[in-house]
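Colleague: Letter by letter, the chains look like this.
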Amino acid sequence: MRAAGVLLLAATLAALPFAGGNYLVRLATIMMMYSVLALSWNLIGGLAGYPSFATAAFFGLGAYAGAIAQTRGLPLWAAWPLAAAVTALFAGALGLAILRLRGHYFAIASLVVGEVLRELANSATGLTGGGMGLNLPILRLEVTAQARVFYFVMLGLALLTLATAAAVSRNRLGFGLRAIQQNEDAASMVGVDTTLYKTTAFALSAVFVGAAGAVYATWVNYIEPGDVFDVLHSVKPIVMVLLGGAGTVAGPVLGAVVFLALEELVWRNFLTIHAGLLGLIIVALIFFLPGGLLAVGGRRRAAAGRGA
Amino acid sequence: MLILQVLANGLVLGGLYACIAVGFSLVWGVLNVINILHGSFIVLGSYVAYFAYTAWGIHPFVSVVLAGALLFALAWALQAGVINPVITAPVLTTLILTFGLDLLLNNAMLLAFKADYRKVNLESPLGTVSLGGVVMPLDRVAAMALALLLTGLLAWLLEASRIGRAIVAVRMDREAAELMGVNVKRIYAVTFGLGAVMAGAAGSLLSLIFPISPLNSSGYLGKAFVICVLGGLGSIGGAMVGGLALGVIESFSALLFGPEHALTVSFVLLIVLLLVRPTGLLGRRGYE
Amino acid sequence: MTPILELRRVSRFFGGLRALHQVSFALRAGEIVGLIGPNGAGKTTLVNLVTGVHRLSGGEIYFDGRRIDGRRPHQISRLGVARTFQVVQPFPRMTVLENVAAGALFAARAASLAEAKAAALEHLRFVGLADQAAAPASALPLADRKRLELAKSLAMNPRVLLLDEVNAGLNPVEIDRALRLIRTLADRGITILLIEHLMKVVVALCSRLVVLHHGELIAEGPPRAIVEDPRVVEAYLGSRWASRAHGATPP
Chain P
1 MRAAGVLLLA
11 ATLAALPFAG
21 GNYLVRLATI
31 MMMYSVLALS
41 WNLIGGLAGY
51 PSFATAAFFG
61 LGAYAGAIAQ
71 TRGLPLWAAW
81 PLAAAVTALF
91 AGALGLAILR
101 LRGHYFAIAS
111 LVVGEVLREL
121 ANSATGLTGG
131 GMGLNLPILR
141 LEVTAQARVF
151 YFVMLGLALL
161 TLATAAAVSR
171 NRLGFGLRAI
181 QQNEDAASMV
191 GVDTTLYKTT
201 AFALSAVFVG
211 AAGAVYATWV
221 NYIEPGDVFD
231 VLHSVKPIVM
241 VLLGGAGTVA
251 GPVLGAVVFL
261 ALEELVWRNF
271 LTIHAGLLGL
281 IIVALIFFLP
291 GGLLAVGGRR
301 RAAAGRGA
Chain L
1001 MLILQVLANG
1011 LVLGGLYACI
1021 AVGFSLVWGV
1031 LNVINILHGS
1041 FIVLGSYVAY
1051 FAYTAWGIHP
1061 FVSVVLAGAL
1071 LFALAWALQA
1081 GVINPVITAP
1091 VLTTLILTFG
1101 LDLLLNNAML
1111 LAFKADYRKV
1121 NLESPLGTVS
1131 LGGVVMPLDR
1141 VAAMALALLL
1151 TGLLAWLLEA
1161 SRIGRAIVAV
1171 RMDREAAELM
1181 GVNVKRIYAV
1191 TFGLGAVMAG
1201 AAGSLLSLIF
1211 PISPLNSSGY
1221 LGKAFVICVL
1231 GGLGSIGGAM
1241 VGGLALGVIE
1251 SFSALLFGPE
1261 HALTVSFVLL
1271 IVLLLVRPTG
1281 LLGRRGYE
Chain X
2001 MTPILELRRV
2011 SRFFGGLRAL
2021 HQVSFALRAG
2031 EIVGLIGPNG
2041 AGKTTLVNLV
2051 TGVHRLSGGE
2061 IYFDGRRIDG
2071 RRPHQISRLG
2081 VARTFQVVQP
2091 FPRMTVLENV
2101 AAGALFAARA
2111 ASLAEAKAAA
2121 LEHLRFVGLA
2131 DQAAAPASAL
2141 PLADRKRLEL
2151 AKSLAMNPRV
2161 LLLDEVNAGL
2171 NPVEIDRALR
2181 LIRTLADRGI
2191 TILLIEHLMK
2201 VVVALCSRLV
2211 VLHHGELIAE
2221 GPPRAIVEDP
2231 RVVEAYLGSR
2241 WASRAHGATP
2251 P
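Residue numbers (this note's numbering), protein chains in the order written: chain P, 1 to 308; chain L, 1001 to 1288; chain X, 2001 to 2251.
Because the hints were derived from the structure by calculation, they are not lab data. Glycine included, every Cβ here is placed at the ideal spot set by N, Cα and C. Each hint should be verified, as a subset may be incorrect.
[Unchecked claim] Now the stretches of chain P that chain L is said to cover, found in silico as 3 or more residues with beta-carbon under 8 Å:
#1 182–192
#2 222–230
#3 278–284
[Stated by the list, open to error] The calculated label-pair distances, taken between Cβ atoms and stated as ranges, are:
#4 L:Ala1160 x X:Arg2177: 35 to 43 Å
#5 P:Val258 x L:Arg1186: 33 to 41 Å
#6 P:Ile273 x L:Ala1089: 49 to 57 Å
#7 L:Arg1186 x P:Arg102: 50 to 58 Å
#8 P:Phe287 x L:Leu1126: 23 to 31 Å
#9 P:Ile273 x L:Ala1142: 33 to 41 Å
#10 X:Arg2018 x L:Val1129: 49 to 57 Å
#11 P:Leu159 x L:Ala1055: 24 to 32 Å
#12 L:Ala1055 x P:Val220: 40 to 48 Å
#13 P:Ala14 x X:Leu2142: 40 to 48 Å
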C-alpha cells in the first residue's frame, strides 16, 4: 500500500514536466526550491530549536557564489557544488560564533547577518555588480527543455535534502539535537557535545540552501541583492515548517507545497494585499494549527485508533 | 569644526533614537517578546502627526499626545487579544506572530497612505541656532529635548508610580510578582501599550526630520535592535546610552563611509557586540 | 592510591560574591561521602564546578589523576562523572526510555541507538521504572522523575556520581527506597558524593562528611564526630544553640 503510494508519487513527479505546461513546471520547481529551504531550516529551527533567520543569508550567498563562479567561466557542474561548499563553510564559521547566543539574541544575530551580506553585495560593485545586479551566462537550451532541466535539478536537490533530514532524524545527531532543543544544559550533562552538534546542524541547514541559491541564480539568469537576500526567504520557510509540522521529516515539504499552492491560487489575484494576507495566514496558523498539518492528521489517526 | 558639527548632529539624532528604542526595550525586557511591529508603530505615529498638521494645523510636538493615545489603544487591543494567549510560547512563536501582525499593519498603511514619501513642512520653523560654529535647526534640537523628556518621564513612571513598580517587579521575577498579587496579564498589556506610546511619540517627533512612508518601518526596527544590543536590554538608561551612541556612530560612519552605509556599519557593530559583550555597553545582563 | 576525585583550593566568585573559597577535599574510590551545609553554603556551585558547568575562579580539580577543570561538561561526563540535578531536568518531550538512552548514547558512547535503548531498559528496571518506559518524561510524578534522573546518570556509566538533593520533596517511604538504591550503587563500585541537608540521611549512609558554610569547608570527618563539632552546630543553628549544646551557660 505504502510502496504503491511512493511509486505513484515518483511517477507523478517524473511525468509532471512532460504532462504539465510551462506554468505548472515553473510552480513545481519553486515548490521544490522552497522544500529545500524549509527542510533545511527544520534542521536547526525545528530539531535543535534555534530560531534561525539566516536562510536568506545562505540563499543569497549561494546565489552570488554560484553566479560569480559562472561569470568567471566555471561550468555549472562545478559552480553549483562550489556555491554549496562556500555556504556551508560560512555557516560553520558563523555558527561557531553566534550559536553561543540563545533565544532572541540568536534570532537577531542570524537575521542581521543576511542584512550585512546584502549591503556587502550592494557595495562590492566590482565583484557582484552592486545594486545593478548580475547577469549570468545564458544556457543554450530551448525554453521548455530548460524548464525541465531546472525542475529535475531542484527535485533532485529536494530529495537529497529530504534524505539527509530523514537520516539525521534517525541517527545520533538528530537525537542529540532533540535533547539540545528540550534542555541544552541537561544535554551537555549527558555527554552531548553541544557546540559540535549545533554547528553541524547549522552547516547542514546551509549547504543545500546555498546550492538552491546557485541553481536559482542560473535558472532566472539575473540576480540582485534585494531579491536573493530578501528577508522573506528567511521567514517563508519558517512559516512553511510551522504549517506542515515542526520537527517532523515530511512536514516541511507538505508545508511548502500547501503554502505555495495557496499563494498561487489566492494571492496572485490580490497583489496589493499580498503581504497582509501572508500576515493573516501566519496569525491564523499560530492560533488554529499550532502543531501544523501533520499534527492534525496525527490527532485524527489517534482518534481513529481509539475508536477501533 | 566639522568633527564638532558631526558630533552635535549625532547627539541630536541619538536623543530621538533613544526614544525609538526605549519602548522596544521595555517590551522585550518585560514580556520577553521582540515586537516586530515596533517599526510600523513609529511610522503610524508619524502619519498621525502628518495628518494632524495638514488637516488641523496641529504642531507635531502636540501630536505626540494624540499619537501616543491612539497607539496605546491599538497596542492594548493587540496585546490582550492576540499576543497574550501565546506569551509563554517559545521565542519563535511570538517572533513569527508579531512579524505576521506587522505584515498586516504595514500592508494596511500602504493601502491607506501609499508608499509615497511625505514630509511635515512647518509653515513657521524656529530657525537655527549657532554655537561656536556648530549650526543646528532649533526644531531638531527641540524635538530631541522633547524625546529625552519623554524618555525621562517613562523612567519616572517606572520608578515612582504603582503600576511602574509592578512592571519592574514583573520584569525581575514574574512568578514572585504574581504571588504578590500583581495581575501579570494586565501588566503585560500596559507595558506593551507603553512601548507603543513611546513609538508613537517618537514617530511624531521624527515626522519633522525624516520623510514618512510605511517602507521606513524596517529601518526603525533595525535601529531599535542595534540600540538594545548596544545599551543592554531592559533598562531605560541602557536605551538612552545605546540611542546616543548609535546616533553618534551613524553620523561618523556617514562621514567616513558615506550615509548609505550607516546602517550596515551599525549592523556589523551589533554582531561584534553580541559576540564580545552580550550584556551591552553598560554591562547589565539581558533577559533571555 | 590516588583519589578518584580531588579538589584543590577550589574557589569561585560570581561578580563580587564569594560562592566558594579555597575548598579542598578528596573522594577515594568506592566510598559514599556526604556534602552538607545550610542553604546557600555553595553545595550546588561545587557540583557545577566539578561537572564543568561553571569555570573555576581558582584552584584545580582532578579526576583519577587527570586534571579536569577547564574541560567542557560533555567531556567530563564522558570521563565518568555524572550528576543529578536538584531540580530534576528531564527532556520533557522524550519518553522515559529515550531520556535514559541519551545518557547511554552520548556519555557511555553506546554503538547505536538500539544498543543505547537496550542498556536504558536495564537501568530503568534497576530503579523500578521499567513499566513507565514508553511514557513521556513530563508525565511522571516527582518521585519517579527523581528515579529517572538516577537512571539517566547510571546510563552514563559513571565512576563518580554526584547526587544533588535526590531526596528533597520525597516522603519517608520514598526516601527509604532511595537510600536502598544508593547503597546498591555503592556496592557496584560507584563512588558517591551525596549532597544533602537532611542530616539523618547522610549519617545513615556516609562513611565521611564534608561541611560547607558560606563557601568554605569548615569540617570534615566521620558522621558522629561531625554532628558534635561545635562549628557545624553553629553553622546550622547559630551561636547560642552551639554553646548551649556544649553545656555552657548562654550569656
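Colleague: Hint by hint, note whether the structure agrees.
Modeller: Going through the hints against the structure:
Three residues within the 8 Å Cβ limit are the bar, and the stretch 182–192 of chain P against chain L gives 0, so the coverage statement is violated. Proximity of the stretch 222–230 of chain P to chain L, defined as three or more residues with a beta carbon under 8 Å from a beta carbon of that chain, is not established by the 0 residues found. Proximity of the stretch 278–284 of chain P to chain L, defined as three or more residues with a beta carbon under 8 Å from a beta carbon of that chain, is established by the 6 residues found. In this structure, Ala1160 of chain L and Arg2177 of chain X break the distance hint of 35 to 43 Å, their C-beta atoms being roughly 55 Å apart.
Restraint check, Val258 of chain P to Arg1186 of chain L: a C-beta distance of roughly 38 Å satisfies the suggested window 33 to 41 Å. A hinted range of 49 to 57 Å is violated for the C-beta pair Ile273 of chain P and Ala1089 of chain L, which are about 27 Å apart. Under the hint 50 to 58 Å, the C-beta atoms of Arg1186 of chain L and Arg102 of chain P, about 29 Å apart, miss the expected range. Between Phe287 of chain P and Leu1126 of chain L, the C-beta spacing of about 49 Å breaks the proposed range 23 to 31 Å.
At about 39 Å, the CB distance of Ile273 of chain P to Ala1142 of chain L agrees with the hint of 33 to 41 Å. For the hinted restraint 49 to 57 Å between Arg2018 of chain X and Val1129 of chain L, the CB-CB distance of approximately 54 Å keeps it satisfied. Restraint check, Leu159 of chain P to Ala1055 of chain L: a C-beta distance of roughly 59 Å breaks the suggested window 24 to 32 Å. For the pair Ala1055 of chain L and Val220 of chain P, the beta carbons lie near 46 Å from each other, so the given range of 40 to 48 Å is met.
Taking the beta carbon of each, Ala14 of chain P and Leu2142 of chain X are about 56 Å apart, not inside 40 to 48 Å as hinted.
When the structure is compared with the earlier hints, violations turn up for hints 1, 2, 4, 6, 7, 8, 11, 13 and for no others.
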